[in-house]
Amino acid sequence: MLAFIIRRILQSCMVLLTVALLAFTMFRFVGDPVAQIVSLDTPAEEVRKVRESLGLDDPVIVQMGRYLYKAVQLDFGISYQFRQPVIELLAERAPATLELALISSLLSLAIGIPMGVYTALRRDSVFARVFQSISLVGVSLPTFLIGILLIYLFAVTLGWLPSFGRGQVVTVSGRWSTGLLTASGLKALILPSITLGLYQMTLIMRLVRAEMLEVLRSDHIKFARARGLTTRAIHFRHALKSTLVPVITIAGLQLGSIIAFAVITETVFQWPGMGALFLKAVQNVDIPIMAAYLMIISALFVTINMVVDLLYAFVDPRLRATIKG
Amino acid sequence: MTSQSLTPPVLELRNLVVEFVTRHGTLRALDGISLSIAPGEVLGVVGESGAGKSLTGAAVIGLLEPPGRIASGEVLLAGQRIDHLPMEDLRHIRGKRIGTIFQDPLTSLDPLYRVGEQLIETIRTHLPVSEQEARARAIALLAEVGIPASEKRIDGYPHEFSGGMRQRVVIALALAAEPELIIADEPTTALDVSVQAQIIAVLKKLCRERGTAVMLITHDMGVIAETADRVAVMYAGRVIEIGPVRDVVKSPKHPYAKGLMGSIPALDERPERLLQIEGAMPRLTAIPQGCAFHPRCPHVMPRCHEARPVLEAVGAGQVACFLHEVGQ
Amino acid sequence: MTIPSPSTGPSSSGDSLWSRIMAHDLTYLFFRSPLTVVAAILSVAIILAALLAPWLASMDPFDPAQVFLADANIPPVWQDGGDPRFVLGTDDQGRDLYSAILYGMRVSLVIGLSGVALAATIGITLGLVAGYLGGRVDAVIMRVADVQLTFPAILIALLVNGVVQALSKGTSRETWAFGVLILSIGLSFWVQYARTIRGSTLIEKNKDYIHAARLVGQPTPLILLRHLLPNVIGPVLVILTINLGLAIITEATLSFLGVGLPPTQPSLGTLISIGNKYLFSGDWWIVTFPGLTLAIFVLSINLIGDWLRDALNPRLQ
Ligand SMILES: Nc1ncnc2c1ncn2[C@@H]1O[C@H](COP(=O)(O)OP(=O)(O)O)[C@@H](O)[C@H]1O
Ligand code: SF4
Ligand SMILES: [Mg+2]
Numbered sequence: 011m012l013a014f015i016i017r018r019i020l021q022s023c024m025v026l027l028t029v030a031l032l033a034f035t036m037f038r039f040v041g042d043p044v045a046q047i048v049s050l051d052t053p054a055e056e057v058r059k060v061r062e063s064l065g066l067d068d069p070v071i072v073q074m075g076r077y078l079y080k081a082v083q084l085d086f087g088i089s090y091q092f093r094q095p096v097i098e099l100l101a102e103r104a105p106a107t108l109e110l111a112l113i114s115s116l117l118s119l120a121i122g123i124p125m126g127v128y129t130a131l132r133r134d135s136v137f138a139r140v141f142q143s144i145s146l147v148g149v150s151l152p153t154f155l156i157g158i159l160l161i162y163l164f165a166v167t168l169g170w171l172p173s174f175g176r177g178q179v180v181t182v183s184g185r186w187s188t189g190l191l192t193a194s195g196l197k198a199l200i201l202p203s204i205t206l207g208l209y210q211m212t213l214i215m216r217l218v219r220a221e222m223l224e225v226l227r228s229d230h231i232k233f234a235r236a237r238g239l240t241t242r243a244i245h246f247r248h249a250l251k252s253t254l255v256p257v258i259t260i261a262g263l264q265l266g267s268i269i270a271f272a273v274i275t276e277t278v279f280q281w282p283g284m285g286a287l288f289l290k291a292v293q294n295v296d297i298p299i300m301a302a303y304l305m306i307i308s309a310l311f312v313t314i315n316m317v318v319d320l321l322y323a324f325v326d327p328r329l330r331a332t333i334k335g
Numbered sequence: 060m061t062s063q064s065l066t067p068p069v070l071e072l073r074n075l076v077v078e079f080v081t082r083h084g085t086l087r088a089l090d091g092i093s094l095s096i097a098p099g100e101v102l103g104v105v106g107e108s109g110a111g112k113s114l115t116g117a118a119v120i121g122l123l124e125p126p127g128r129i130a131s132g133e134v135l136l137a138g139q140r141i142d143h144l145p146m147e148d149l150r151h152i153r154g155k156r157i158g159t160i161f162q163d164p165l166t167s168l169d170p171l172y173r174v175g176e177q178l179i180e181t182i183r184t185h186l187p188v189s190e191q192e193a194r195a196r197a198i199a200l201l202a203e204v205g206i207p208a209s210e211k212r213i214d215g216y217p218h219e220f221s222g223g224m225r226q227r228v229v230i231a232l233a234l235a236a237e238p239e240l241i242i243a244d245e246p247t248t249a250l251d252v253s254v255q256a257q258i259i260a261v262l263k264k265l266c267r268e269r270g271t272a273v274m275l276i277t278h279d280m281g282v283i284a285e286t287a288d289r290v291a292v293m294y295a296g297r298v299i300e301i302g303p304v305r306d307v308v309k310s311p312k313h314p315y316a317k318g319l320m321g322s323i324p325a326l327d328e329r330p331e332r333l334l335q336i337e338g339a340m341p342r343l344t345a346i347p348q349g350c351a352f353h354p355r356c357p358h359v360m361p362r363c364h365e366a367r368p369v370l371e372a373v374g375a376g377q378v379a380c381f382l383h384e385v386g387q
Numbered sequence: 006m007t008i009p010s011p012s013t014g015p016s017s018s019g020d021s022l023w024s025r026i027m028a029h030d031l032t033y034l035f036f037r038s039p040l041t042v043v044a045a046i047l048s049v050a051i052i053l054a055a056l057l058a059p060w061l062a063s064m065d066p067f068d069p070a071q072v073f074l075a076d077a078n079i080p081p082v083w084q085d086g087g088d089p090r091f092v093l094g095t096d097d098q099g100r101d102l103y104s105a106i107l108y109g110m111r112v113s114l115v116i117g118l119s120g121v122a123l124a125a126t127i128g129i130t131l132g133l134v135a136g137y138l139g140g141r142v143d144a145v146i147m148r149v150a151d152v153q154l155t156f157p158a159i160l161i162a163l164l165v166n167g168v169v170q171a172l173s174k175g176t177s178r179e180t181w182a183f184g185v186l187i188l189s190i191g192l193s194f195w196v197q198y199a200r201t202i203r204g205s206t207l208i209e210k211n212k213d214y215i216h217a218a219r220l221v222g223q224p225t226p227l228i229l230l231r232h233l234l235p236n237v238i239g240p241v242l243v244i245l246t247i248n249l250g251l252a253i254i255t256e257a258t259l260s261f262l263g264v265g266l267p268p269t270q271p272s273l274g275t276l277i278s279i280g281n282k283y284l285f286s287g288d289w290w291i292v293t294f295p296g297l298t299l300a301i302f303v304l305s306i307n308l309i310g311d312w313l314r315d316a317l318n319p320r321l322q
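Protein chains in written order, with this note's numbering: chain A, 11 to 335; chain B, 60 to 387; chain C, 6 to 322.
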């Protein structure tokens, strides 16, 4: 087990290193690190000094090492637009994004899995067909269009829910600003989390359905039928469990991408999160923020992946065995 | 016809027809299967791949996959029709009165549950026993099928067992509720040659002890010769010869059966092809008129093209061939 | 109980029977699925409308000489204040929405198709090379694919966009937005092709005809293109269809986010983005009609893709 974990961690580090390399290349060669410090009217002599102090004349490999070293300590440089350390900007906005992503994930799992199971088991029922059609509409409608639609319906026309922002937030334990503890904060979460979660929900539903149909055709289910087990035991004890094992992996990947997809939702709902910050960085060529966001997303993703792998090993005895051995 | 025994056969098929309704028309996969199995008897079912052996087993336990369906005919279990029973009643028969063993033990068991859990759930589905009783019974069953240290192995996962051991577990599962009949569909085909004989031996022994009848589907004539009491030979969805094992194996009557028996190899090898008979079994879409075997038959006669021979008593068995018509 | 299916059937006669039935049945299946037929008709209609935009449109929305700000935000004809010149109303710059949608559809389609074509080209090439050469080349390509997969397409597209923008300081967005969108889509979607092609290549490359081609000394690129490619390209069809929908969504999303096409070259996404700003003032039509067009088109493509996947999947008959 330990060897497996170590191997996975090493693999993850390789991925992170590759991404960090990419981020450094962007940071150093696409962006202009000097621009972080100086303004347009800084004298040339001053600029040269800044270059030197930043070590931009050192060999590239040294610079890279320095960049990585700083990145590990969460020092991603200074934002061009805000003239503020990137990490501060990101930390300020992280709670908004993470809360949104969490609620959306829970929503998409809690609805997507039962719907997938239902449509697989009652393949020919009217509801299953309706769900299946809705899911296709779900993957066909761009996220931003769904957001706009919801805003038009529930904010503009009905006036039930706010169309933008996080509502009232409270700060807990000094740093974390949460919208989960106030009524207006919760209300503000509804539309954005549906928007963000809908696409993942339909994906998960379709995934569960396809996987479950496959499992229902498998030999061990046929044998379970031949053993005379109740339909309930066959469907929910045997088929469902086999279905969920591979679904864990893909669902994990999906949830990782929810954080990245938040860019769109945050823009539509003017949600003050990391995604909106990243988009602003792209629009204004704020390379340090782009590079940092890239690394943070991949770190998150790699972590989720590892957790998923361990979970997988936990539920599948075959894997547990190979890992132990 | 020989003497009619008083107890009804465990299983009797009367003119069973199974069809697949496809968009290309209706394909008749089983065309009037009639056979019976007496209590405690082992009936071997042989025939080329695609002859309809597995389908016969599936039809008996009510697990034909759509679009397959029983179009006509009857399935009788201990004298009572079961082919028209509602799903839930059929379910109570599966596992309880008819046990089933499939070809591939590697995939028959649910990989995510311990062997014991699967045994206990099967036992408790069919018998009114407590968890502890079921567990004790499961351990005893595992010991009976020849799994050493069964009280320990019961908590193992399927992947921790070898292929042969897994098939033993499958046998234990099939026997868990003391059924009257076991349908074993090529129970050793997927196994290593070295363990095939052991598995058949275990199956044979346990069924004999319990008086369980067996429908043993196999390619392996050697197994049939050693294990079966009677043999049914299938071709293109029909039974073309059925009778006591000695007669059918040693002196088959039907030209196809002759070819099949002629291909019995030395003990351990299995025939991949029937070298004695030219050609291949027809597809369901192109089953010839008259005797389905006529394009390959060395003794084909003009009437074989038009009329279909039916099973008729010949000696102790029955044969469907104009060469053996009464009075021929 | 073993019911032979094309992939597992024990009888070779059953195999060829089934594969033959499958091959013959695409048309049959197509007409048996009314929804797919409707989707196909809609797709063809939309594509034709986009192609014929210059003839169908009442004005060229890209031509500043034809656009007047005085005509801005006119509602559709059937509403109060509508103008018969503008059936579906106008946007904030006075462009006829109906014409803008036709031209915007055209832009979306060209970018989507080119993006998908680029993705497929990159993916198929890398997949072939990785599968055929194996070893270190394979390892590197597949590792890159793994890393790439950790980022959703939209993120990669945004990054590519940001980088190009940084590198092209000073030049106006109009000059490169088109190319960058295609590049973004190409770089975001290649992995799936590479993985699929690599998988089939690994199987095919050990077959006799490849050995034969190698034995007679044919150069590797020729073997890859002439012999291997035709035998592994099959599954790509489904991915292409499904990806086209995704690519069009991606383009629209980027344009909506303001990093795609500028308002002077509106795609559907750009129009929706403009419309979104006027939603609160009640000018619902600017967002509604482009949005509806986009949704219907992508939905139709996905319906066809879904159907195609099921129809080509022998397990589902
Ligand atoms: N779902 C199906 N649709 C159409 N034909 C089928 C289906 N399942 C089985 N068959 C056909 O039924 C025949 C008998 O199959 P099977 O009973 O599995 O043969 P065996 O077990 O003797 O090898 C074969 O010709 C097979 O092609
Ligand atoms: S009925 Fe005719 S064709 Fe059929 S096996 Fe007998 S002799 Fe041959
Ligand atoms: Mg079979």
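It is worth saying that the hints were derived from the structure and are not from the lab. Every value quoted in this text rests on a predicted model; they were computed, and no experiment measured them. Fair warning: there could be bad hints in the mix.
Label pairs and their calculated CB-CB ranges [as the list claims (entries may be wrong)]:
#, chain 1, residue 1, chain 2, residue 2, range
1, A, Val-182, C, Leu-154, 51 to 61 Å
2, C, Asp-88, A, Glu-102, 46 to 56 Å
3, C, Ile-46, A, Val-182, 47 to 57 Å
4, C, Leu-154, A, Arg-185, 31 to 41 Å
5, A, Pro-256, B, Gly-338, 25 to 35 Å
Ideal placement from N, C-alpha and C gives every residue a C-beta, glycine not left out.
Verification of the hints:
Take Val-182 of chain A and Leu-154 of chain C: their Cβ atoms lie about 35 Å apart, and the range 51 to 61 Å is violated. At roughly 48 Å, the beta carbons of Asp-88 of chain C and Glu-102 of chain A sit within the given window of 46 to 56 Å. The hinted window of 47 to 57 Å between Ile-46 of chain C and Val-182 of chain A holds, with their beta carbons roughly 56 Å apart. Taking the beta carbon of each, Leu-154 of chain C and Arg-185 of chain A are about 32 Å apart, inside 31 to 41 Å as hinted.
Here the CB-CB span from Pro-256 of chain A to Gly-338 of chain B is close to 44 Å, at odds with the stated 25 to 35 Å.
Hint compliance for this structure: hints 1, 5 are not met, and every other hint is.
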